[in-house]
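Can you build the whole structure from these sequences, using the hints too?
Residue numbers (our numbering), protein chains in the order written: chain A, 1 to 310; chain B, 1001 to 1310.
Among the clues, some could well be false.
Computed spacing ranges between beta-carbons, pair by pair [what the hints assert, rightly or not]:
{"hint": "1", "chain 1": "B", "residue 1": "V1181", "chain 2": "A", "residue 2": "A82", "range": "28 to 38 Å"}
{"hint": "2", "chain 1": "B", "residue 1": "R1014", "chain 2": "A", "residue 2": "R97", "range": "39 to 49 Å"}
{"hint": "3", "chain 1": "B", "residue 1": "D1136", "chain 2": "A", "residue 2": "P298", "range": "54 to 64 Å"}
{"hint": "4", "chain 1": "B", "residue 1": "R1303", "chain 2": "A", "residue 2": "R97", "range": "53 to 63 Å"}
{"hint": "5", "chain 1": "A", "residue 1": "E138", "chain 2": "B", "residue 2": "Q1233", "range": "51 to 61 Å"}
Over the 12 Å line for every Cβ pair with chain B, so calculated as not near, a few chain A residues [unchecked claim]:
{"hint": "6", "residue": "H71"}
{"hint": "7", "residue": "P79"}
{"hint": "8", "residue": "P238"}
{"hint": "9", "residue": "W294"}
{"hint": "10", "residue": "P298"}
The hints are simulated quantities; they were obtained by calculation from the structure and are not laboratory data. Cβ coordinates follow ideal geometry from the N, Cα and C atoms, glycine included.
Number of protein chains: 2
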Amino acid sequence: MPAPHSHAAADFARGAAFVRDAYLPIDQASIPLTDWGFLRSDAAYDVVTVWDGAFFRLDDHLQRFRASCAHFRLRLDRPDAAVAQVLEHCVRLSGLRRAYVEMIVTRGQPPWGSRDPRQAVNQFYAFAVPYVWIADEEQRTRGLHLQISGVTRIPSSSVDARAKNYHWHDLTSGLLGALDVGADTVVLGDGAGNVVEGPGFNVFAVGADGTIVTPAQGVLEGITRRTVIEIAQTLGLPLQQRALSAAALRSAREAFISSSAGGILPVTRVDGQPLGDGQPGPVTRRVLQAYWDWHADPRWCRRVDYTPSA
Amino acid sequence: MPAPHSHAAADFARGAAFVRDAYLPIDQASIPLTDWGFLRSDAAYDVVTVWDGAFFRLDDHLQRFRASCAHFRLRLDRPDAAVAQVLEHCVRLSGLRRAYVEMIVTRGQPPWGSRDPRQAVNQFYAFAVPYVWIADEEQRTRGLHLQISGVTRIPSSSVDARAKNYHWHDLTSGLLGALDVGADTVVLGDGAGNVVEGPGFNVFAVGADGTIVTPAQGVLEGITRRTVIEIAQTLGLPLQQRALSAAALRSAREAFISSSAGGILPVTRVDGQPLGDGQPGPVTRRVLQAYWDWHADPRWCRRVDYTPSA
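This is the structure:
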């Protein structure tokens, strides 16, 4: 892999990107204005994290990324091992031990004048930046204040949420509404009385009988969500994937969200009202603890080789 | 306005862009990889055309652009006259007499680590490229073959189609399906048996009684669509804005689509079956003729000043 001779190592401290077969400091990375990945949001992506020098569930993210590309008929022109090499080199250049690592395929651009997506040369991009938290430390400690939005999440009949994509206007609109009323973040509904997902996360509620419920339809099947499901199995906690009504979330004993950008985050208020005693609940704390424990488990982790010559 | 001293005029022949307060040849224009306009498709835009050296309905496009930005809480940091100056300078640099001119505001990026859209510095971009046609000359002459897609257009409860945006995965998916079966383009439905709009255009059907019908809900209120409505008023053609069922479109006497990328385009087949006698219809031809006639009308046109020093 060619080393970037033209940039001092320090330039990469804020992050490193892979753009048009070159590695660049994140601040210098760009995409063509005319790439349909921008002008039509015609792109698929995935995000994997590095925690204490190791990728977490990299293979699962690579597999989902390929499936998202295939769903949108975007061509990922390199095998998983080659994608992983690029991601690792971005992390290595940045030197980051805790990183947020994104991989992207865009439509690119068909010849001038053509409107046929099949004639475009698809493009691959990647970058690594410092680990991103959905919530700051104070919010994570006290638990998030979640607003249930009146905005409906884009339904799967229009764009399948399982294929990770950048259509976020609904999520952003809901988030702005939540921030306006003093909440920390937002979950959107399906227009039929159920909640589905928020900006970058899945949601879980623990009911009066102790069963954890997470929405089954109209959501991204998050890798962190999958980790929660597997943790629940391991710990013997009952968990169901089924519709979660807004009413059930409001009256839950406890709740939490899951995201690659922060892991498991307790929710302690919904629509301004405290859940249970208003503290992060015991089920949430068990899942959260297991989530971080699993980051030391070689089953899920793959160490980054930070050797400069690698 | 600063002249771009570093580029020969010829560089701009394929188009000119305005990026971070500089004018660049379109092939060199880019946006930061980390702009949420890309990473969340958090952007609003509009497209105005130049035909034979004059903008068509520029004021209407500027007004709608400002409304789209406001809808998404994106800040357009300059008055309409200043936007118009940038657009005109892009056209002037390109020298194009027939141009497709796009204006964009993106969210930009909040400080690293923040997920609050309100903390981002919004960015303005613009470009002018050669006039874009939705359909090639042969298609325009014989009339378009239109497929009614099984994909549902993103509903306004998620993202208001009246605020022009880049959420096109549904349109692109529908278009790919249509191209696969040999159709020229596609119109999406609302999930309730009605058609709404296609990739970059509105749709019109002429029923057995001669009334032109165009969908009222869940569509971009196109400026070309508005022009059709005004032409119909002027010519005394009956026109209704109301739900248009897929069945009514299939059994229409004639049909056409409207777009800034090509004006009025006849439709002669729907789902493989000819409409009427399979030729562009008389109502379509009258509207099409008036559309181009209006391009010579000073009420709607604003001449571009191509003087290099302007």
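| field | Indices of hints not satisfied (ascending) | value | Violated: hint 6 alone.
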